[in-house]
Amino acid sequence: MGISKIFGGRSVLEFADEHSRRSFLRNAALVGVGITYVATRPGDPVAFGNADRGFRNEVAKSDLDILNYALTLEYLESAFYTMGLKAKLLKGRELELVDPIQQHEANHVTAVKTTIKDLGGTPVAAPKVKFPTGTFTSRAAFLKTAGTFEELGVKAYHGQVPLVKDGNILAAAASIAGVESRHAAVIAQISGGNPFPAPIEGHLGMAPMLKAAMPFIAK
Amino acid sequence: MTDTIRDLIHGNASVVPAGVAMGALSHGFELAGAKDFGSDVDVLNYALTLEYLEAEFYRQGNKAGLLSGKEKKYLMQIGDDEASHVATITATIQKIGGSPIGAPAVDFGGAFDSRKSYLTTAHIFENKGVGAYLGAAGFVKDKMILQAAAGIFGVEARHAAVVGNLLGLKAEGGVYMGSTEVGIPKNDVLKAVAPFLRDPDKVVAAITY
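Those protein sequences? They're chains W and V, same order as listed.
The numbering used here applies: residue 73 is where the first sequence begins, and numbers increase by one.
The numbering used here applies: residue 806 is where the second sequence begins, and numbers increase by one.
None of these hints come from the bench; they were simulated from the model.
Careful, some of the hints might be misleading.
As the list claims (entries may be wrong) - Covered, in the sense of this in silico footprint (three residues per stretch, anywhere, with C-beta under 8 Å from a C-beta of chain W), are these stretches of chain V: (1) 885-892; (2) 932-944; (3) 967-978; (4) 985-999.
Stated by the list, open to error - If you want a taste of the chain V side facing chain W, the calculated C-beta under 8 Å gives, among others: (5) 882; (6) 948; (7) 949; (8) 951; (9) 952; (10) 953; (11) 955; (12) 956; (13) 957; (14) 958; (15) 959; (16) 960; (17) 962; (18) 963; (19) 981.
C-beta atoms are modelled at their ideal positions from N, C-alpha and C, and glycine is treated no differently.
Whole structure, please, built from the sequences with the hints as guidance.
The following block contains the structure:
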């Protein structure tokens, strides 16, 4: 999915105050703005032990920076599902399938936060978000946005794999990423999308992920 | 609609004690024994063995004519994914100078007796695959290989979830296996797939996908 297509260019993220906005921008500054992302086709059939996967463009970050980046994404997902479920758009089997996702994302927030604290770091504050008008007014819009979120989340986790230094953090991140993959597949399955868009999931670096959000940050 | 995430998260976090979440995360790379794998080629050949099993499983299962409609389409896609994993891992082993292991001779017994037995076996296979990748990940030294393996691991998780849903299993514990995936040590994975290996030492000369 092209960056320009994310949320159809609608505003996704607005921060509560100038402080939240600055802490988010600080992450962006770590990787630089305007970095060119070279997309790699997922499922490259030739071989995958290739060093030229675009991650070279990423400036070295600490594991704590990466964890706070993951935390920001989990905050977003958790809030998204909390608001979506509150809107009562789903019922029956669909509700049964989406309900645990909200709990998973909340657990991820707690787990990532705790890990950051255990490492002596400071978890970033949760930003205030405002999802585009209409996101929670229909079942279709909710599930479509959910699918976009999950696919992005999966790629964001994979994008950090080569950069994480601590093996235990890598294991924890992988154990979360796999659950996001399950979410992505189930959301696609119930909303008429493709649960298996590629034989190998792709990855997205921090720079393009943040770049995607930059235009939508409230001034 | 505008809400502060802080409020939302706070409400949710109180439900889940941090210790529980971290306990789930502590299942990690320690699970696989220290001597399980000596090199990246070893890990990749282990993954290749599992992918061979899965690819052959779906090849036979999809020929059995047990499914129709969307189910059939999904299982065809899953089979294609597994075949692609075999090809990709084989090429990767060759690229880093290793020798890809041969395909094991397999016998899936009564797995293809019915739609239910096919999907149930698939569900078990996929969840074992997810655990196997996570359990072995700590042994991979090349970070680019690890990243690609993570991409395969995620696809196995997708398969597991979708097949679980096709079976109509309960969401938590059937479609999802909790907030975090759990790694499975090599020995436990091999024990689980042993019934399908006709003769572990007998290798099928040429399965080409």
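Hints, verified against the model:
1. 885-892: holds (count 5)
2. 932-944: The restraint on the segment 932-944 of chain V holds, since 4 of its residues have a Cβ under 8 Å from chain W and three suffice.
3. 967-978: Contact hint for the segment 967-978 of chain V vs chain W: holds, 5 residues under 8 Å.
4. 985-999: holds (count 4)
5. 882: holds (5 Å)
6. 948: Where the cut-off is 8 Å and the nearest Cβ of chain W is about 4 Å from residue 948(V), the hint holds.
7. 949: Where the cut-off is 8 Å and the nearest Cβ of chain W is about 6 Å from residue 949(V), the hint holds.
8. 951: With a minimum Cβ separation of about 6 Å from chain W (threshold 8 Å), the hint on residue 951(V) holds.
9. 952: holds (4 Å)
10. 953: holds (3 Å)
11. 955: holds (5 Å)
12. 956: holds (4 Å)
13. 957: Constraint on residue 957(V) satisfied, holds at 5 Å.
14. 958: Holds. Min distance 6 Å.
15. 959: For residue 959(V), the interface hint holds, since the closest Cβ of chain W sits about 4 Å away, which is under 8 Å.
16. 960: holds (6 Å)
17. 962: Holds, because the Cβ-Cβ distance from residue 962(V) to chain W comes to roughly 4 Å (cut-off 8 Å).
18. 963: Holds - the Cβ of residue 963(V) comes within 8 Å of chain W, reaching about 4 Å at its closest.
19. 981: holds (5 Å)
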